[in-house]
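Chain by chain, the residues:
Protein chains: 2
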Amino acid sequence: MTDITSPPDLTAFGADAALVRVGMLGCGTVGAELLRILDRRADQIARETGVRPVVVRAAVRDLGRRRDVPLDASAFTSDPHEVVTAKDVDVVVEVVGGTEPAGDLVAAALESGKPVVTANKELIARRGPELLEIAEACGVDLLFEAAVGGGIPVIRSVTESLAGEHVRRVLGIVNGTTNYVLTRMSEEGSDFAAALAEAQALGYAEADPSADVEGRDAAQKAAILASLAFGTRVSEADVHAEGITHIHPTDVDMARRLGYAIKLLAIAEVDDAGAVSARVHPAMVPLTHPLASVRLSFNAIFVEGDSAGELMLYGRGAGAGPTAIAVAGDVIDAARNLRQRARGPHVAPPVYRTIRPLTSMSSMFYLRLHVVDRPGVLAAVAGILGRHDVSIRSVIQEGRRDDAELVMVTHLSREADMQATLVELEQLEVVGSVAALLRVVGEEDETP
Amino acid sequence: MTDITSPPDLTAFGADAALVRVGMLGCGTVGAELLRILDRRADQIARETGVRPVVVRAAVRDLGRRRDVPLDASAFTSDPHEVVTAKDVDVVVEVVGGTEPAGDLVAAALESGKPVVTANKELIARRGPELLEIAEACGVDLLFEAAVGGGIPVIRSVTESLAGEHVRRVLGIVNGTTNYVLTRMSEEGSDFAAALAEAQALGYAEADPSADVEGRDAAQKAAILASLAFGTRVSEADVHAEGITHIHPTDVDMARRLGYAIKLLAIAEVDDAGAVSARVHPAMVPLTHPLASVRLSFNAIFVEGDSAGELMLYGRGAGAGPTAIAVAGDVIDAARNLRQRARGPHVAPPVYRTIRPLTSMSSMFYLRLHVVDRPGVLAAVAGILGRHDVSIRSVIQEGRRDDAELVMVTHLSREADMQATLVELEQLEVVGSVAALLRVVGEEDETP
Chain A
2 MTDITSPPDL TAFGADAALV RVGMLGCGTV GAELLRILDR RADQIARETG
52 VRPVVVRAAV RDLGRRRDVP LDASAFTSDP HEVVTAKDVD VVVEVVGGTE
102 PAGDLVAAAL ESGKPVVTAN KELIARRGPE LLEIAEACGV DLLFEAAVGG
152 GIPVIRSVTE SLAGEHVRRV LGIVNGTTNY VLTRMSEEGS DFAAALAEAQ
202 ALGYAEADPS ADVEGRDAAQ KAAILASLAF GTRVSEADVH AEGITHIHPT
252 DVDMARRLGY AIKLLAIAEV DDAGAVSARV HPAMVPLTHP LASVRLSFNA
302 IFVEGDSAGE LMLYGRGAGA GPTAIAVAGD VIDAARNLRQ RARGPHVAPP
352 VYRTIRPLTS MSSMFYLRLH VVDRPGVLAA VAGILGRHDV SIRSVIQEGR
402 RDDAELVMVT HLSREADMQA TLVELEQLEV VGSVAALLRV VGEEDETP
Chain B
2 MTDITSPPDL TAFGADAALV RVGMLGCGTV GAELLRILDR RADQIARETG
52 VRPVVVRAAV RDLGRRRDVP LDASAFTSDP HEVVTAKDVD VVVEVVGGTE
102 PAGDLVAAAL ESGKPVVTAN KELIARRGPE LLEIAEACGV DLLFEAAVGG
152 GIPVIRSVTE SLAGEHVRRV LGIVNGTTNY VLTRMSEEGS DFAAALAEAQ
202 ALGYAEADPS ADVEGRDAAQ KAAILASLAF GTRVSEADVH AEGITHIHPT
252 DVDMARRLGY AIKLLAIAEV DDAGAVSARV HPAMVPLTHP LASVRLSFNA
302 IFVEGDSAGE LMLYGRGAGA GPTAIAVAGD VIDAARNLRQ RARGPHVAPP
352 VYRTIRPLTS MSSMFYLRLH VVDRPGVLAA VAGILGRHDV SIRSVIQEGR
402 RDDAELVMVT HLSREADMQA TLVELEQLEV VGSVAALLRV VGEEDETP
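Top to bottom, those sequences are chains A and B.
At position 160 of the first sequence (counting the first as 1) the number is 161 in the numbering used here, and the numbers step up by one without a gap.
At position 190 of the second sequence (counting the first as 1) the number is 191 in the numbering used here, and the numbers step up by one without a gap.
None of these hints come from the bench; they were simulated from the model.
Even for Gly, the Cβ is constructed at its ideal location relative to N, Cα and C.
It is possible that some hints are incorrect.
Part of the chain B face toward chain A, derived, beta carbon under 7 Å [unchecked claim]:
1. Ile-135
2. Pro-154
3. Ser-158
4. Arg-317
Take a look, some chain A residues computed to stay more than 10 Å from chain B by CB distance [what the hints assert, rightly or not]:
5. Thr-100
6. Val-295
7. Ile-385
8. Gln-428
Just so you have them, the derived chain A footprint on chain B, three or more residues with Cβ under 8 Å [to be verified]:
9. 29-41
10. 164-173
11. 330-341
Next up, chain A with everything else stripped away, as it sits in the complex (with noise of 0.2 Å):
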């Protein structure tokens, strides 16, 4: 237990680090996790950064329950405001979850002058402009490491590692419970209903599970890497989400024939002109490329810059300890920055660009359709697609009489051509159904 009330122990190389007092929003698993981390390794943060950050407060909503952290528990406090504009709180971490109460918290903490960290990833991509014009006005830290791909310092790398660069497309993983799935559809040949059973079983899937596999989870992480790499402002309701709950065990099969992977990708991406897409949907990638040995419940994110060429940062996306280590980092950057009357990098107002809507993009895509087996169908199916400027580049025709199947992959073809293409394949007798369409990305010839 560290004795808030007493200074704590200094060491000897510690002796000078400055003491940085913490208030906590919420000490659930994650804020337990980063009391245990700043408590075990208090002397390292110490001598290594200058910095110790000392936990003062925890506001929670049950002050009955028993944790087994060490902080004292006269420390807790059933009411947040307590933490946000107590005098003795120098940095606030939020780690409640959920837009609200957490936003007006996270806000009141900004104007009473307190830089926050916090790991709510929903917050920030549904109020993150308006709360960092308040930490901009009020000249305090508003920071959110955790927030995108838990333990992986993808917001630090885009932010500051890569201030002089021009990123051109951002594509990740930044959902550990979809890969999962995808990964034992792939190597053990499941279906989705039993993977993502396997997956709740072992706890990488909530018993709700519709935010993670329908896509909006890596939505709204979409929304903030595109606003962070372009320096603009993409909302969650600017991202187009498409999950993975229609993916076939048939389609995951054909893709590793073909040498492709199938995950799902959160894409962000920007023209020639500045206008910018963020979307989500599975995509085909191929083999060869880094994104489709991401296995299990790992998150990745794929950087293409002009100057860096191609960058991964690869780790562990969510739990306890990879998020409480983001949290842990940006508690002792607010720090070091407080005890110099410094700020961290996100000083840029954002640019207002151009949201491009999915029609709009191009993408080679994966196209499966069930056909009646008869002569003349691949010369009718490839004429729709032919005047509709979709120009195939393999097929493979598999199966006889009523079950056969028409796979096709195309080269770079507009969306909404293939949409429209989409319309008529279904009208056409001799097709039983579009199975699947799927898109494909980080083919070395994608581009045009």
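Fit chain B to the supplied structure of chain A, relying on the hints for placement.
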């Protein structure tokens, strides 16, 4: 061309960006690329970071050489002291390379109160601790993101994002030349000489490739990584370095059959007692390990931490663009700190840590022996291993008569025991020679 005599044109957003005057030591390919980045993206950088770095002077050896760079001819000088002591230079960039005179110039710049950014791994590996001490005493930044992993943000991640982490081990593919050679040997079945010749033809290897293929370049980077990850002082001389010149196609092939890829790894490790080990050697890495997918001239740094778990940073470890973008990020960082009268996070005085010799380490081993195909050979070999406490995990015996080979993978064994085993094996009448000894790294049951 940037006219350095008149103030630059400040756009609306960048109007309040602080002009920061940069002096360069050297103007080779990295320096030229840096000039282009700072010129082309000046407005973006000013808007997004609040600083506007402008190169005002560059010291070069040959003033007469024609350079196609956006810097006025009058800005060049042949006297580097005009850069490091100039009143109108705020930040110094060292891209000369080599230890001298670069080291003394960097020291002089720091001593005259100027933050320094360098891409010079050799200098940091050899004089890093001394120069960091000077920087500390003078209260200015010494930044070197580009010294390890080129455009990969490994230094910033280890020192800032993972500031609260207990890093246990760092595994790095930090030399693009050797990774290119090993990839071609693996994918095309080339032998070492052919793959190296190809790398040279493509510009991935220098005319004299010895520093790369003998592991010395990687050893410098291992020293830097170990020093930063464990807050201590490891110099190049402390690093056991073994190269890839002895890697035989048979072993590359055998590795793949056994489920491994051969990679040249820089390994930095700390044990529970705080003792450090830094070494460079080829290693068998399981094909499912993220490092195994790092192909061609790409680099990757894999970090194992108590909280973050497994983390990997992947990208271009060399080349003008990636190196220059890392330098640009550091210049912006130094400029921002200067503007705020603040400093970067390199404040920790190094802790003394015991450096463990290779012989005290443990590994799983891959061993290939030329043996005589005769009954009792395996028993004789296995007997020697057993007496030295080296237990066998799997065995493959191949070939016939005088051309037989015995391939073994061991469980975790002490390096000293394996070395003693080798001495005895070589004296065994039925063993023609020990054809290969490689360490296995990254297996899940690698730990005892």
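Structure-based check of each hint:
The criterion of a C-beta within 7 Å of any C-beta in chain A is not met by Ile-135/B, whose closest approach is roughly 18 Å, and the hint is violated. For Pro-154/B, the shortest C-beta to C-beta distance to chain A is roughly 3 Å, which falls under 7 Å, so the interface hint holds. About 5 Å separates the beta-carbon of Ser-158/B from the nearest beta-carbon of chain A, less than 7 Å, and the hint is met. Taken as an interface hint, Arg-317/B checks out: its beta carbon lies about 5 Å from the nearest beta carbon of chain A, inside 7 Å.
Residue-level check passed: Thr-100/A sits 26 Å from the nearest beta carbon of chain B, beyond 10 Å. The Cβ of Val-295/A does not lie farther than 10 Å from every Cβ of chain B; its closest approach is about 8 Å, which violates its non-interface assignment. The Cβ of Ile-385/A sits about 39 Å from the closest Cβ of chain B, beyond the 10 Å cut-off, so the non-interface label holds. The beta carbon of Gln-428/A is kept farther than 10 Å from every beta carbon of chain B, the shortest such distance being approximately 43 Å.
Taking a C-beta to C-beta cut-off of 8 Å, the region 29-41 of chain B contributes 3 residues in contact with chain A, enough for the three needed, and the coverage statement holds. For the region 164-173 of chain B, the stated coverage by chain A holds: 4 residues have a C-beta nearer than 8 Å to a C-beta of that chain, and at least 3 were required. Residues of the region 330-341 of chain B with a Cβ under 8 Å from some Cβ of chain A number 7, which satisfies the need for three, so the listed coverage holds.
In summary, the structure is inconsistent with hints 1, 6 from the numbered list given earlier, while agreeing with the others.
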